[in-house]
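Engineer: Sequence:
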Amino acid sequence: MSSFVGWKRITDAVDVAGGTIVMQIMPGRLTLPSTNFGETVQVPSAIIPGVTLHGANGHEEGLCPAGFGS
Numbered sequence: 001m002s003s004f005v006g007w008k009r010i011t012d013a014v015d016v017a018g019g020t021i022v023m024q025i026m027p028g029r030l031t032l033p034s035t036n037f038g039e040t041v042q043v044p045s046a047i048i049p050g051v052t053l054h055g056a057n058g059h060e061e062g063l064c065p066a067g068f069g070s
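Mapping the sequence shown onto this note's numbering, position 33 (from 1) lands on 33, and the numbers just tick up by one.
Keep in mind the hints are simulated off the structure, nothing from the lab. Be aware that a few hints might be false.
Label pairs and their in silico Cβ distance ranges [said to hold, decoys possible]:
#, residue 1, residue 2, range
1, Asp12, Thr40, 27 to 35 Å
2, Arg9, Gly67, 34 to 42 Å
3, Leu63, Val16, 35 to 43 Å
4, Pro44, Val16, 24 to 32 Å
5, Ala56, Ala13, 30 to 38 Å
6, Cys64, Val16, 38 to 46 Å
7, Thr20, Leu53, 25 to 33 Å
8, Gln42, Trp7, 18 to 26 Å
9, Phe68, Val14, 19 to 27 Å
10, Gly19, Gly67, 36 to 44 Å
11, Val16, Gln42, 37 to 45 Å
12, Phe68, Asp15, 32 to 40 Å
Every residue, glycine too, gets a C-beta built ideally from N, C-alpha and C.
Can you build the whole structure from these sequences, using the hints too?
Structural biologist: Below is the structure:
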């Protein structure tokens, strides 16, 4: 099942229940390659986030993203 289909079921259920969903855009530096089709994200400034994130492989250390122009 695609992500779209899964989230559509959730958003439809929230809508039927009269709820509201607000989109939160995560900063790119908090994206892991394991949840981004194996790709390293590019962001305006390459700053190491210094956090452990939950990725496709469980808990993973946040990597330094590629800055634009690198």
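Engineer: Please list, smallest to largest, the hint numbers that this structure does not respect.
Structural biologist: 4, 5 and 9
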